[in-house]
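Participant: Using the sequences plus the hints, can you model the full thing?
2 protein chains.
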Amino acid sequence: MDILGSLEETNYADIKSFFDSAPILKNAAEINRQLQEFLARNFSSSSNNQGLRKVACVTSGGTTVPLEQQCVRYIDNFASGHRGAAATEYFLKAGFSVVFLHRRGTCQPYCQSLPYDQLLECFEVDGDSNVRVNPTYAKTIDKAVSANCTAINQGTLLKIPFTTIFEYLQILQLIALSLRRFGPRALFFLAAAVSDFYVPPGSMAVHKIQSRSGPLDLRLVEVPKMLSILRKEWAPLAFCISFKLETDTKILLEKAGMALEKYDMHMVVANELSSYKERVIIVTKNGNINVSRDMARPDADVEDPLIELVVEKYLAYASSTS
Amino acid sequence: MDILGSLEETNYADIKSFFDSAPILKNAAEINRQLQEFLARNFSSSSNNQGLRKVACVTSGGTTVPLEQQCVRYIDNFASGHRGAAATEYFLKAGFSVVFLHRRGTCQPYCQSLPYDQLLECFEVDGDSNVRVNPTYAKTIDKAVSANCTAINQGTLLKIPFTTIFEYLQILQLIALSLRRFGPRALFFLAAAVSDFYVPPGSMAVHKIQSRSGPLDLRLVEVPKMLSILRKEWAPLAFCISFKLETDTKILLEKAGMALEKYDMHMVVANELSSYKERVIIVTKNGNINVSRDMARPDADVEDPLIELVVEKYLAYASSTS
Chain A
291 MDILGSLEET NYADIKSFFD SAPILKNAAE INRQLQEFLA RNFSSSSNNQ GLRKVACVTS
351 GGTTVPLEQQ CVRYIDNFAS GHRGAAATEY FLKAGFSVVF LHRRGTCQPY CQSLPYDQLL
411 ECFEVDGDSN VRVNPTYAKT IDKAVSANCT AINQGTLLKI PFTTIFEYLQ ILQLIALSLR
471 RFGPRALFFL AAAVSDFYVP PGSMAVHKIQ SRSGPLDLRL VEVPKMLSIL RKEWAPLAFC
531 ISFKLETDTK ILLEKAGMAL EKYDMHMVVA NELSSYKERV IIVTKNGNIN VSRDMARPDA
591 DVEDPLIELV VEKYLAYASS TS
Chain B
291 MDILGSLEET NYADIKSFFD SAPILKNAAE INRQLQEFLA RNFSSSSNNQ GLRKVACVTS
351 GGTTVPLEQQ CVRYIDNFAS GHRGAAATEY FLKAGFSVVF LHRRGTCQPY CQSLPYDQLL
411 ECFEVDGDSN VRVNPTYAKT IDKAVSANCT AINQGTLLKI PFTTIFEYLQ ILQLIALSLR
471 RFGPRALFFL AAAVSDFYVP PGSMAVHKIQ SRSGPLDLRL VEVPKMLSIL RKEWAPLAFC
531 ISFKLETDTK ILLEKAGMAL EKYDMHMVVA NELSSYKERV IIVTKNGNIN VSRDMARPDA
591 DVEDPLIELV VEKYLAYASS TS
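Taken in sequence, the protein lines are chains A and B. For the first sequence, the working numbering begins at 291 and goes up steadily by one. For the second sequence, the working numbering begins at 291 and goes up steadily by one.
Cβ-Cβ distance ranges computed for the label pairs, FRET-style: (1) B:Ser564 - A:Val415: 36 to 46 Å; (2) A:Lys429 - B:Ser610: 48 to 58 Å; (3) B:Ala606 - A:Ala437: 48 to 58 Å; (4) B:Asp418 - A:Val415: 14 to 24 Å; (5) A:Lys449 - B:Val415: 11 to 21 Å; (6) B:Thr426 - A:Arg331: 22 to 32 Å; (7) A:Arg509 - B:Glu568: 30 to 40 Å; (8) A:Arg394 - B:Thr426: 18 to 28 Å; (9) A:Pro451 - B:Pro313: 26 to 36 Å; (10) B:Pro491 - A:Arg509: 17 to 27 Å; (11) B:Glu568 - A:Ala318: 21 to 31 Å; (12) A:Ala437 - B:Ser610: 51 to 61 Å; (13) B:Glu598 - A:Asp416: 26 to 36 Å; (14) B:Asp507 - A:Val415: 49 to 59 Å.
By construction, these hints were calculated from the structure, which means they are not laboratory data. A virtual CB, placed ideally from N, CA and C, is assigned to each residue, including glycine.
Facilitator: Next comes the structure, spelled out in structure tokens:
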């Protein structure tokens, strides 16, 4: 695909209409302030002024599509946020500063091994009525708390939450425009499950849709794909990894290959719903790479070798482009 | 409405068709085992054999409606689960044994004051590299852990999770049939936000619905209302409280009143999306009662006076019916 051909593919009119109709992002100024402070802290001339300055935006969790303006019902995408949370840990370990753009309430970095649904079991009351950490979880919590404290103290992790598709895409744009100045040293790891369809606010019911008046017919329109505008306008030099999740193996690789070309991604991570925690296939212009978790270790995850490989390709790209 | 008229209103054919087409509840036997064990522990002849035996089923959180058989997308209902979790605490405090039927991942009893999104902040590492409870949260955690330990040790709380509308209604039926033998001493506090519409599994897409083929048209059909069959068949003598949430004040009380009569509820709690944490209106056959949280105390919740009132009416009902 040549550049002109691909430029013509970008749906600028649809993108403009999406942003024009989206509910206003109320905390845009505050998010921008946090971003600038985070970037200044991590990349001012006095800090980190030697070597490669590595910055990643990791997106995580599913976006919601409200069905009503005063929203009671919404369409959601399956996404626990484990992939994004684990990737964030490995990027931090690899020396990146990370903006973690995540769905509110989904899995947070360093929290994956904690019993999330049974939070109170992490604690117990001792003989003197003092609360202490439950010895069963002490080691797990110890590891998680130490790693989290390090990231917090070093100031290398910025967490920004979203809920709706409107918030997600508006915040992603803010982040991309902020990271643009890092050129090829900015990395986007777009693991969030972004809605494909939405109800334009103009055609949305104002109040809760009433039942008892027969079946409910919903017409959802396509969310314009933002990957090409991210690549062409928002942060043209950044290293971009997107994801393709399917339940049907037969179409997975074909669709991942199409996304790679159409949106000019550097990598597309293809994963199946039934095995996404075990293995993925990285689709690149130079061929596909299978990545599996280390089956010999029960606690090994697929994000460990995945991020190792991503960082390797990113370093080669950043060095050759800088 | 006379009894025959109301019997005719029960949509038995729709209910049968819903259960026949629902995906099979895989852990039904295990849930039944837990229920029987819980009831035997709490209400065997040797325990609690004096006075009124009080048992409540509290439902909490929203049900999901899958849009695909191998589900990537689903419709969800707004529901944090705070109401159900808080109600469970107050029912336990009032001496009830409680079955807490809750949406996976939503708010749990005694966890409401904890920083859920920032779990790791509850802990810190001290000078000797030991993990300990963060003093900022010590008092909150202390209170929560103690109360939770008491409920666990006394065995008065049984937690059962659900995700989909299919799981929810099938489990509710199991619970209702188990509590039936307690007659008027069983109480149902139905705070879960149950989907009004669903996609019947027979007409559901098998794989993830593909985008790029234009708008998505969805036809959702009504979920048959199960309140009347709960009242008439599953647990006819139980004291039943249902909820009505609306965003439009004008129709709220009218709809709550209709539900009270149509489903023969003992109480319907009417609440508005914008103020449900501040106040509710209890609609009964003897008139409406306004309930508000104590505004003088910032940490006071509306569930405190609400459950007090519910228990008062329940006691009067159980005594008069037994």
